[in-house]
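Novice: Going down the list, the sequences are from chains A and B. Position in the first sequence counted from 1, then plus 213, gives you the working numbering. Position in the second sequence counted from 1, then plus 515, gives you the working numbering.
Accuracy of the hints is not assured; some may be wrong.
[Claimed, not checked] Here are a few chain A residues that face chain B, going by a calculated C-beta distance under 10 Å:
1) Ile268
2) Arg269
3) Leu271
4) Glu272
5) Asp278
6) His498
7) Ile503
8) Pro504
9) Lys534
10) Ile578
11) Glu603
12) Leu605
[As the list claims (entries may be wrong)] Just the calculated beta-carbon pair ranges, DEER-fashion:
13) B:Ile1285 / A:Pro431: 53 to 63 Å
14) A:Pro279 / B:Thr745: 39 to 49 Å
15) A:Ser507 / B:Asn675: 22 to 32 Å
16) B:Ser952 / A:Glu265: 41 to 51 Å
17) B:Lys711 / A:Ser259: 30 to 40 Å
18) B:Gln631 / A:Ser259: 30 to 40 Å
Simulated from the structure, these hints should not be mistaken for laboratory data. Because the structure is a prediction, the values reported are computed rather than measured. Positions of the beta carbon are idealized from the N, C-alpha and C atoms, including for glycine.
So you can see what is in the structure, the chains are spelled out below.
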Amino acid sequence: MKIKSIRLAEFALLFMLALTFLGCRSGSASSTPESAPPPAAHSLPSDAEVEEQTIRFLEERVKRDPEDFIAHNKLAGQYLQRVRETGDVTYLNLAAKAAHASLATLPPEQNTGGLTALAQVEYASHEFVAARDHALQLTKLEPNKSYPYQILGDALLELGDYQKAEAAYHGMEDLGGVQELTRIAIEQRLARVAALHDNSSGARVHFANALRMAVALPSPPRETVAWCRWQLGETAFAVGDYAEAERNYRDAMTTFPDYFRALAGLGRVRAAQGDLAGAIKQYEHAVHIIPDPSFVAALGDLYKLSGRDKDAAAQYSLVEKIGRLNEFNGALYNRQLALFYADHDIKPEDAYANASKEYAVRRDIYGADAFAWTALKAGKISEARAAIKEALRLDTKDSRLFYHAGMIAHASGEGNDAREYLKRALSLNPQFDPLQASIARKALEQ
Amino acid sequence: MTPIERRLFSMSVAARITLTAIMLVLFWSSVTIAHPLGNFTLNHFSRIEVGSDQIRLRYVIDMAEIPTFQELQTLTTYDNDAPPSKAKLDAFAARAAAEYASGMSLSVDGVRIPIQVLTANASLLAGAGGLQTMRIQCDLVSAIPAGNVAAVHRLLFADNNYGDRIGWRELVVSPLPGLSVFDSSAFGSSITDELKTYPGDMLQAPLDERRAELSFTKGAIPSGANALLTRDGHAVSVRSRDRLAELIAVPDLTAGVALLGLLMAVLLGALHALSPGHGKTVVGAYLVGSRGTARHAAFLGLTVTLTHTAGVFALGVATLLASQYVVPERLFPVLSLLSGAIVVVIGVSLLIRRMRAPVGWHKRRVHLHDEHLHHDHSHTQDHDPTKMHSHGGRKHSHLPPGADGSPVTWRSLLALGISGGILPCPSALVVLLAAISLHRVGYGLLLVVAFSAGLAAVLTAVGLAFVCARRLLKSTGRFGRVATVLPVFSALMITCAGAAICYQALEQTGTGLFTAGAAIAARVISASAAPQFASIGGLGLLGLGLVFGLKHATEVDHIVAVSAIVSEHRRLARAAIVGALWGAGHTASLVVVGTIVLALKIAIPERLASWLEFIVALMIISLGVMAFKRALSRRSDFHIHRHGHDYFSHSHLHFHEAEARQSAAIEGHSHEIVGIGIKPTIVGAVHGLAGSAALTLLVLTQISSPILGLLYLAVFGAGSILGMLLMSSLVGLPFVLGARKLSGVHYRLQMLAGLLSAAFGVWYAYETGITGSLIRTIAAL
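Model the full structure from these sequences, guided by the hints.
Specialist: This is the structure we're talking about:
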């Protein structure tokens, strides 16, 4: 009963906040009233040296005693943190090795830490089915802890099983809503769910809560704070609030200099604001740190828009090279590559094959969207239509989804629906993508 | 073709096909291995070579597939997939090196010094997905300011290139010869061998070493400073200058310079020979032990020269032709081992030969003291046993063979010479290889010959010195007793020297004998501590029993008891027999008790077992005391033996065995031992009773069939007999040696052994009596 009343109170609070937001947002798009402004950003001390020492210490331990499964579990956790901070896939491989070594020493029934590490590694490697199954096993082994439900919910979310995911998040709340870190994690998950369900203001509130709690910790974890700020930026960008987005991205970089996600976000905002040169600079910096294919593709688009065709071609060819490596590197960049090919009308058949392979397993709305878009470019209109309907089933407010829906409707000959979707896309976030937005505008004029 | 041949041929065909298939698979899979650290990484390696007036830097950048592709796009147009030309690559490398140099900072004693690029080289290697990886290698140099005359310098290095890119960053410090580095934040060894191999199977997050701080000075490190360590934790030692290698690299080669160089080489060879190694000990020991002459010494020297030169040539040619497979550093330990093995073999064979014919030990030689045979010489003067004489039979001398004027065998001399020269000096090898690369082959060969000649000269001199010393000693007349000891002692020295060489060679290869032995011993101990009989088959069980029996023999109380008995014997064979008899008694009692236990399916009560242990302790005490008393009483047993007739005295250096029976009969006597007695058997039997409790209980509970259990006990017993035989031989060795040569030592050893045994027995009695519940039992009665 107590739990139910807490949930009710939370819902009521959210509802009131939502009302307040709606009332305030009836004004200009650039005004950004918030119930409580996020705390001012300042740079946080880097834990890099301590982390480095911890990792070396644990590595020495496992070298001396290969059966120290606890050290392996800790090591896997440290490596995963490194992945979050740097995006370096090397650490993902190391984390996988550590998790497997831990479970080789002691089976999951007695080694829930090892199973947790394995599930997290699988999640980070985009092996969501395995992550979900292991998380399920974990919930049975540790029925009174909240973190199994966190991993389970995340995996289910990525697989497109939204109801079960929400149930898992509720279970997480029920079991562990007391500790600070768990509360932060809960807020982040609720924010993501809200964003999916056409509730961007709710998402913003949750992210702001998470941020506030993270900053209030005795020693705020740098990457978590930066990530929350970045997410706030993303949420703002999605609804076309570019100034707010820029502010949040800058704050993220103040917290964590050269945070690669924030760099790319800043580049996107710059491009949306029309500052091509500034955007190129940001993206070049981001690509310099880690050549993620979506960054490289965006840089290529910007070069194209600036008239630097040779540089654009170089970047596109780089994306293709990453694609060639993709078979060896696993499925990390599968979706981005499929979208890249479809956006630029390159290799439509390959893109379609890739997207459909992924969609067979991972049936979330963005998977459906990728499938629909590549199907359209490959000429399979009916499949595209079915898929885009799936993609829109949660009423998510995402310009790209609307744009794809509009183009598919256009190709199916449904002119009115097409115009409707394209208008929605452009009104929500006029510059959602440097190249694609102009294509959308052109299509609308026809 | 016979059926067998046909089968072999067909098998080999199948094997060949399989082999080809495997090779194809391996080749194919090797082609598609991605950059081991991930395709986005950019990896750095810096080696700081600290010299006295300049710092050299070896800087390597290893780019994975994607960064390589990004860089290559600046070199060629993107759609021209042809690889860039060599000229373009070189130009790129030069540009990159200049950029890298400006991105590094190097300062000595707080003053920043500029870095110049010496060479730069870029190469493309195949990577994953049809892409390439790039390796940029540059050598940079930086001069230490001349005005800086401080003894100790502090160096700071920072690598700021590509600061925000992910990748491996490794920093290594290596001091040049003559300098030492200490208090360093960086390590002295590389994990990746200049980014050529990355650690694959172990968990190792990419290194992130961007800065280094170190102190360096000429000569040795100051006390209290922390030496430079390798990544395994070993200290990096100061390298000495290789002056021989510097000889070959003189700028101009005129006649005068060449002659001077040869002279220097001879001197260097002589100096090198004076340093440890090259068998000076062995040569000296051999020549002093056998009746070597100056000619022998010279021959030895010649052999060493030739072998050494030949060795250097062979190794040099091998290194040149097969540089991929033959790494000289790997061969040196093997050659060392070989040389040590030869020396050990020589030493052991000498030892055996010289021990077999000790003074006064005539095997079954009953000699008659007929009057007429002894009229030939006068007996009033002191009789030198080393001279040739006869007791009525063959002429003999009481010296070991080979030492009685017969020539030292040239074969053993040759073997010694080979063993001394077989290990080529690394500097000589370097000289040869450098000579070939500098196109000064003739000069290089001459240098090597001169070096070997210098080496041999010193060796010959050492040998001559020993020969002269021996002659000197002999002429003073005090040589008599020493002469008999020296050969055996020298053979022992040779064996020990050979063993030391072998041990060092093994250590160089990385196999620490002690650690390996300790590891094996630990495994055996842990296996024997928790035997799981149920899981192994019958044959395995018996094998296990043999091993356990062997191990059982090494228990302390057994050895102590046996040593107390062995200490009385002077022959190795006797000592071994003592051990064997002990083992027999032990096995007998074990089998008897085991039969009873297994047949009646009863277990020996613990109380009884403790009592038996206590009795064993008392037995050990008594054995020790007896040995001590005997040693005390027999101290003066070294005597001039009167053969029961009074009109001549005839001295032999020998002792009587404990139970020797001497007959005063005129017809003859023998110095032979009659028997050892059944003392060891009884001791062993008592030990068997004491230990049988635990063992039979174990067997009873774990082995189901009684026949198998009995068989196990028998095999265990056989193992213990064998083990005890070996152990007692080992234990008896010092007594045997001491007995033979030096009179007083043997008795002192025996007294010591007796004392120790008694002491051990007391402690053992205390352990089993007091701390066990025996006293309580007695009190309770």
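Novice: It remains to establish, for every hint, whether it holds in the given structure.
Specialist: Each hint tested on the structure:
1. Ile268: holds, 5 Å
2. Arg269: holds, 8 Å
3. Leu271: Leucine 271 of chain A check passes; min Cβ-Cβ to chain B is 8 Å, inside 10 Å.
4. Glu272: holds, 6 Å
5. Asp278: The hint is violated - aspartate 278 of chain A has no Cβ within 10 Å of chain B, the shortest such distance being about 12 Å.
6. His498: holds, 8 Å
7. Ile503: holds, 6 Å
8. Pro504: holds, 5 Å
9. Lys534: holds, 5 Å
10. Ile578: violated, 29 Å
11. Glu603: This interface hint is violated because 33 Å lies over the 10 Å limit.
12. Leu605: Where the cut-off is 10 Å and the nearest Cβ of chain B is about 35 Å from leucine 605 of chain A, the hint is violated.
13. B:Ile1285 / A:Pro431: 53 to 63 Å: holds, 60 Å
14. A:Pro279 / B:Thr745: 39 to 49 Å: At 22 Å between Cβs, range violated.
15. A:Ser507 / B:Asn675: 22 to 32 Å: Given range 22 to 32 Å: holds, Cβ gap about 29 Å.
16. B:Ser952 / A:Glu265: 41 to 51 Å: holds, 43 Å
17. B:Lys711 / A:Ser259: 30 to 40 Å: Since the Cβ atoms of lysine 711 of chain B and serine 259 of chain A sit about 32 Å apart, the hinted range of 30 to 40 Å holds.
18. B:Gln631 / A:Ser259: 30 to 40 Å: holds, 34 Å
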